[in-house]
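K.L.:
Residue numbers (UniProt numbering), protein chains in the order written: chain A, 1 to 579; chain B, 1 to 579.
Treat the hints as calculated values from the structure; they're not laboratory data. Check each hint, because a few of them may be wrong.
It does not matter which identical chain is used: a pair holds within one copy or between any two.
What the hints assert, rightly or not - Dumping the calculated EDC-like pairs for lysine to aspartate or glutamate here, alpha-carbon to alpha-carbon at most 16 Å:
#1 K247 / D98
#2 K169 / D98
#3 K252 / D98
#4 K149 / E183
#5 K252 / E302
#6 K389 / D332
#7 K145 / E361
#8 K389 / D214
#9 K169 / E34
2 protein chains.
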Amino acid sequence: MKILPALSLLIPVAVAIWPLPKSYTSGDTVLFIEDNVHVTYNGVSSHSILIIQKGHGTVNSTSPSTASEIVQTAIQRTYETLFSKNFIPWKFHPRNSDFEPSTENKKYITSITLTQTAADPENIFQAPVGEVDESYFLSLIESGKVTIKAKSSIGLARGLTTFTQLFFKHTEGCVYTTLAPVEISDEPKFAHRGINMDTARNYFDVDDIKRIIDAAAYNKFNRFHIHITDSQSWPLVIPSMPDLATKGAYRKDLVYTPEQVADIQRYGGLLGVQVFLEIDMPGHTSSIWFSRPELITAFNEEAWDTYAAEPPSGTLKLNSTEVYDFLDEMLDDLLPRLSPYTGYFHSGGDEVNIQAYLLDETVRSNDTAVLQPLMEKFVQRNHDQIREKGLTPIVWEEMLLTWNVSLGKDVIVQTWQSDEAVAAVTEKGYKALVGNYNYWYLDCGNGQWLDFPPSSSEKYWPYNDYCFPRHNWRVMYSYDPLHGVPPEAHHLVVGGEAHIWAEQTDPVNIDNMVWPRACAAAEVLWSGAKDETGGNRSQTEASPRLSEMRERLVARGVMAHPIQMPYCIMNGTQCGLDH
Amino acid sequence: MKILPALSLLIPVAVAIWPLPKSYTSGDTVLFIEDNVHVTYNGVSSHSILIIQKGHGTVNSTSPSTASEIVQTAIQRTYETLFSKNFIPWKFHPRNSDFEPSTENKKYITSITLTQTAADPENIFQAPVGEVDESYFLSLIESGKVTIKAKSSIGLARGLTTFTQLFFKHTEGCVYTTLAPVEISDEPKFAHRGINMDTARNYFDVDDIKRIIDAAAYNKFNRFHIHITDSQSWPLVIPSMPDLATKGAYRKDLVYTPEQVADIQRYGGLLGVQVFLEIDMPGHTSSIWFSRPELITAFNEEAWDTYAAEPPSGTLKLNSTEVYDFLDEMLDDLLPRLSPYTGYFHSGGDEVNIQAYLLDETVRSNDTAVLQPLMEKFVQRNHDQIREKGLTPIVWEEMLLTWNVSLGKDVIVQTWQSDEAVAAVTEKGYKALVGNYNYWYLDCGNGQWLDFPPSSSEKYWPYNDYCFPRHNWRVMYSYDPLHGVPPEAHHLVVGGEAHIWAEQTDPVNIDNMVWPRACAAAEVLWSGAKDETGGNRSQTEASPRLSEMRERLVARGVMAHPIQMPYCIMNGTQCGLDH
Numbered sequence: 001m002k003i004l005p006a007l008s009l010l011i012p013v014a015v016a017i018w019p020l021p022k023s024y025t026s027g028d029t030v031l032f033i034e035d036n037v038h039v040t041y042n043g044v045s046s047h048s049i050l051i052i053q054k055g056h057g058t059v060n061s062t063s064p065s066t067a068s069e070i071v072q073t074a075i076q077r078t079y080e081t082l083f084s085k086n087f088i089p090w091k092f093h094p095r096n097s098d099f100e101p102s103t104e105n106k107k108y109i110t111s112i113t114l115t116q117t118a119a120d121p122e123n124i125f126q127a128p129v130g131e132v133d134e135s136y137f138l139s140l141i142e143s144g145k146v147t148i149k150a151k152s153s154i155g156l157a158r159g160l161t162t163f164t165q166l167f168f169k170h171t172e173g174c175v176y177t178t179l180a181p182v183e184i185s186d187e188p189k190f191a192h193r194g195i196n197m198d199t200a201r202n203y204f205d206v207d208d209i210k211r212i213i214d215a216a217a218y219n220k221f222n223r224f225h226i227h228i229t230d231s232q233s234w235p236l237v238i239p240s241m242p243d244l245a246t247k248g249a250y251r252k253d254l255v256y257t258p259e260q261v262a263d264i265q266r267y268g269g270l271l272g273v274q275v276f277l278e279i280d281m282p283g284h285t286s287s288i289w290f291s292r293p294e295l296i297t298a299f300n301e302e303a304w305d306t307y308a309a310e311p312p313s314g315t316l317k318l319n320s321t322e323v324y325d326f327l328d329e330m331l332d333d334l335l336p337r338l339s340p341y342t343g344y345f346h347s348g349g350d351e352v353n354i355q356a357y358l359l360d361e362t363v364r365s366n367d368t369a370v371l372q373p374l375m376e377k378f379v380q381r382n383h384d385q386i387r388e389k390g391l392t393p394i395v396w397e398e399m400l401l402t403w404n405v406s407l408g409k410d411v412i413v414q415t416w417q418s419d420e421a422v423a424a425v426t427e428k429g430y431k432a433l434v435g436n437y438n439y440w441y442l443d444c445g446n447g448q449w450l451d452f453p454p455s456s457s458e459k460y461w462p463y464n465d466y467c468f469p470r471h472n473w474r475v476m477y478s479y480d481p482l483h484g485v486p487p488e489a490h491h492l493v494v495g496g497e498a499h500i501w502a503e504q505t506d507p508v509n510i511d512n513m514v515w516p517r518a519c520a521a522a523e524v525l526w527s528g529a530k531d532e533t534g535g536n537r538s539q540t541e542a543s544p545r546l547s548e549m550r551e552r553l554v555a556r557g558v559m560a561h562p563i564q565m566p567y568c569i570m571n572g573t574q575c576g577l578d579h
Numbered sequence: 001m002k003i004l005p006a007l008s009l010l011i012p013v014a015v016a017i018w019p020l021p022k023s024y025t026s027g028d029t030v031l032f033i034e035d036n037v038h039v040t041y042n043g044v045s046s047h048s049i050l051i052i053q054k055g056h057g058t059v060n061s062t063s064p065s066t067a068s069e070i071v072q073t074a075i076q077r078t079y080e081t082l083f084s085k086n087f088i089p090w091k092f093h094p095r096n097s098d099f100e101p102s103t104e105n106k107k108y109i110t111s112i113t114l115t116q117t118a119a120d121p122e123n124i125f126q127a128p129v130g131e132v133d134e135s136y137f138l139s140l141i142e143s144g145k146v147t148i149k150a151k152s153s154i155g156l157a158r159g160l161t162t163f164t165q166l167f168f169k170h171t172e173g174c175v176y177t178t179l180a181p182v183e184i185s186d187e188p189k190f191a192h193r194g195i196n197m198d199t200a201r202n203y204f205d206v207d208d209i210k211r212i213i214d215a216a217a218y219n220k221f222n223r224f225h226i227h228i229t230d231s232q233s234w235p236l237v238i239p240s241m242p243d244l245a246t247k248g249a250y251r252k253d254l255v256y257t258p259e260q261v262a263d264i265q266r267y268g269g270l271l272g273v274q275v276f277l278e279i280d281m282p283g284h285t286s287s288i289w290f291s292r293p294e295l296i297t298a299f300n301e302e303a304w305d306t307y308a309a310e311p312p313s314g315t316l317k318l319n320s321t322e323v324y325d326f327l328d329e330m331l332d333d334l335l336p337r338l339s340p341y342t343g344y345f346h347s348g349g350d351e352v353n354i355q356a357y358l359l360d361e362t363v364r365s366n367d368t369a370v371l372q373p374l375m376e377k378f379v380q381r382n383h384d385q386i387r388e389k390g391l392t393p394i395v396w397e398e399m400l401l402t403w404n405v406s407l408g409k410d411v412i413v414q415t416w417q418s419d420e421a422v423a424a425v426t427e428k429g430y431k432a433l434v435g436n437y438n439y440w441y442l443d444c445g446n447g448q449w450l451d452f453p454p455s456s457s458e459k460y461w462p463y464n465d466y467c468f469p470r471h472n473w474r475v476m477y478s479y480d481p482l483h484g485v486p487p488e489a490h491h492l493v494v495g496g497e498a499h500i501w502a503e504q505t506d507p508v509n510i511d512n513m514v515w516p517r518a519c520a521a522a523e524v525l526w527s528g529a530k531d532e533t534g535g536n537r538s539q540t541e542a543s544p545r546l547s548e549m550r551e552r553l554v555a556r557g558v559m560a561h562p563i564q565m566p567y568c569i570m571n572g573t574q575c576g577l578d579h
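One chain only, chain A, in its complex shape (with noise of 0.2 Å):
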């Protein structure tokens, strides 16, 4: 039996957890498992459980509780990604190598015991930051017991998604270890590990929306953000205001009603990733001028640039009741619908263009020494509001840093242009998101969209587009969430997002530009960002495993392109150079 501390280079590519556990011992021992494998939670082996695992049914929503159903759904998404979601390693083992283990005389799997030690929080489902425990602890011996053990419901789900990436699919068919005995402990480093997803630039159906929050979750990932509406579209359904989306959309039939939307976000919940909506405002919200431009100032300007920071041009005036009654009512609308699924809204705030101002009649300045207080207003009426609906706001760098709004301390300040703003925002006592655009833009790189004549400034010439160039795997592994913060402020920093904008990503391409970037972010949130020397953790052993998780995403219906060619994970290290 081997012992393999966490960071080790030694780690066999075949243990190929991802994010990497915090500790963790395996051995040789091959066991195989099979569909009628016995399963416990908490001493249950309850009729639905083997419903699901006889693929006979879906998780039955009217289970007795809440952890019961996360921890179906879990057992269910276990059966799948064993048993029809997984794939055959060969291309972790040398060419033509006779990698799989015999057939003859197989040992088993024999149970799977599933125990909560202590009660999940009363909704789960709304938990703040750090309200979940998502530890767990897994053992593996070599007679075929399976134990996880978790604090929570989601740390059961944790364990056991853990559990599928220690098993192999066979050319036979047949489901395999070769890693028993195992025993894994493990918890997350940071408590808000996210992705954000526009679906304003370029609409998705339910269903791509659902693929990525399922493979976020098989990442370990547990908040998923929909930036839900922007200048381009508003496509999210608000019944009290229906022509909101009818006219806002880019097609009528392009929008989230507000069924679909609770869909997802139980989806997300079920899976220990909490779903949220941001409504971004008071910039990117030209696209409510379809229904009500009453509104809107600045809208659709020629000279674009000068008023936004992409076409098209568009602002919620900052001084009007008739803004303000709008904001009561449509949020009075939306708020109470999300709320049994999260305790977040995100009020945006990013991006705000002074010079709009100057257009609309309500102000008519672009002075910062006007528009100050009635940003200070506009941001605290929203906030009072998502408050009194039981929800927590988060915001954009710049309500803070910027605009210099005095948010109240339970607000989460989501920074995104920098190192420094994570540092500024703790620094003010707040809690902090990480998502710096140089490291964690999953959108960068395919250079402009923009349509210039050759003649136009530099600025806009093919290859500058605000982020290029593309952020690799190795780029987004690099990222520190905690660089340049003292250690007294590490607290405050509770996670990070990483950010797919859509001006370039439709339901077409969207898994190849999440997948498998997305994993390196999921890890530094999971693992940390620094190994146990206090460097950055390694990309050569990083690689292998990435390429392996690439290949279980694959194996689910995800397209996650690929990092290396067969011949570099087929042979080790070979794909480096130590000079």
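Since the structure of chain A is provided, determine the placement of chain B on it from the hints.
P.N.:
Frame of chain A, contents of chain B only:
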């Protein structure tokens, strides 16, 4: 009726033929088309055509002539494209606009008359550059009669491809054009318009390759170059040397059999896309070591960067009778099977590493004065054998420009390193292919795939892959094959290729890596890089047309990525800026 010069910025988005025809006019009369439309080819309404249009069969391979097969394939493809692989163009019209024609009192396309005015070359599948006249004339008059005239069967196929791009799917399911009357005269600028696909760094199924060829034909490419072997794998089955693939492929079953190669070649040939193979020699051959280690020197050296551009190192020995015997036998087996479907064979010749020959016991030298005569002999032997089998050699530029091999003037020299290389090749009087890696390498920009510790030299750091960054379509579109070539040598620039090397590309992401960016190369090669003023073609004009071509590719099952969000293409040129 609008008269639309091909280069006008006034081209309505709906007339989005890609690549741009040499000249056309169109109107605004609506005509529908149904799958019982009467099609004749040189006056014959053949039974087989009727069978195809009713979907009861595929092309009958016992058809009387190749020309008839090509035309029948084109007709079948036209039906599939119009009625099964079409799209609703909502993205190309203002939000929520009523853009579709009324379906009351429909007028129809009444007949499609295909006239071939000259006989095809004796074996059109093998035709050398310039010997197939691909020009066509297309007329669609308001009464519903369609006439396509061409001098060759492939010209008719090109005309039918253009024809399908006049039509859209209606939400009610029918198919229409809004552009009658239409008159188009068209012909290609360059004779060799190709894609080069690497099937050695990663393996691709025959269906993956056919999908790329299908999309290539839809962009009027006429060549498909398969870089079928390389140092990482040898997937090509040579029946007289079974171990080559059995041991040299990534997996015993990840191979291309003679039947599969012929199937791919025939598939391309019937679409007017000549498929030829490359066996890259003498470098890029280390996969031969797995079956014939005695033929390879410097195999898999640890300091691979001393001996090769990427791992594993290894090259055919340069002065070995065993190597010569191997090549005699291997090419004698292979070439006669290729020649029914192509006039070309690519013998490689790029990136030969002279240090490797220090380890070659048949040479023991890195002195180019010693190596050059051996290389001369090596290449001449290959080319003699290629010619003997009725094929014309293609080589990479280094054989001429670095090694000064006295190539026959029949040889086509494929450049990749610079525009200067094109000028140098033509100055020596050779036919040149273009494809400067700073413009037309589709694999660039994913960042480093080699695993290096952070302490490595900066050269290897994440962004520094050899051709970083990613070339977006605007960069590819700005590439002029004739740049730096004096007018009197233009006729020697016979065309070019876009390249997809497969270090980070496999079947999961290849569509997205190739499309729609390769379309930019297709248009440069068909329509020329320059407009009537002699300047680069306008990206502002091309952008919405390319977005539409992208939708047509997606409709045919190709996962091409978007280049702009719907907001931009719905709104004409509002995603540009005039200053």
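K.L.:
Indicate, hint by hint, whether the structure satisfies it.
P.N.:
Structure-based check of all given hints:
For the identical chains of this complex, K247 and D98 are inter-copy neighbours only, at 13 Å across copies versus 61 Å inside a copy, given an alpha-carbon limit of 16 Å. Taking identical chains as interchangeable, the C-alpha atoms of K169 and D98 lie at most 16 Å apart only when both belong to the same chain, with a minimum of 14 Å there against 52 Å between chains. With identical chains, the CA atoms of K252 and D98 are at most 16 Å apart between copies only, with a shortest distance of 12 Å across copies and 56 Å within one. In this assembly of identical chains, the alpha carbons of K149 and E183 lie at most 16 Å apart only when taken from the same copy (12 Å versus 73 Å across copies).
Within a single copy, K252 and E302 get their C-alpha atoms no closer than 26 Å, and across copies no closer than 60 Å, so neither meets the 16 Å cut-off. Within a single copy, K389 and D332 get their C-alpha atoms as close as 8 Å, which meets the 16 Å cut-off; across copies the closest is 79 Å, which misses it. Proximity of K145 to E361 under the C-alpha cut-off of 16 Å is found in neither arrangement, the shortest distances being 71 Å within a copy and 58 Å between copies. Taking the closest pair of Cα atoms, K389 and D214 never come within 16 Å of each other, the shortest separation being 28 Å inside a single copy and 55 Å across copies.
When the C-alpha separation of K169 and E34 is checked against a cutoff of 16 Å, the pair qualifies only within one copy, where the shortest distance is 11 Å, while the shortest distance between copies is 48 Å.
Hints 5, 7 and 8, counting from the list given before, are not met by this structure.
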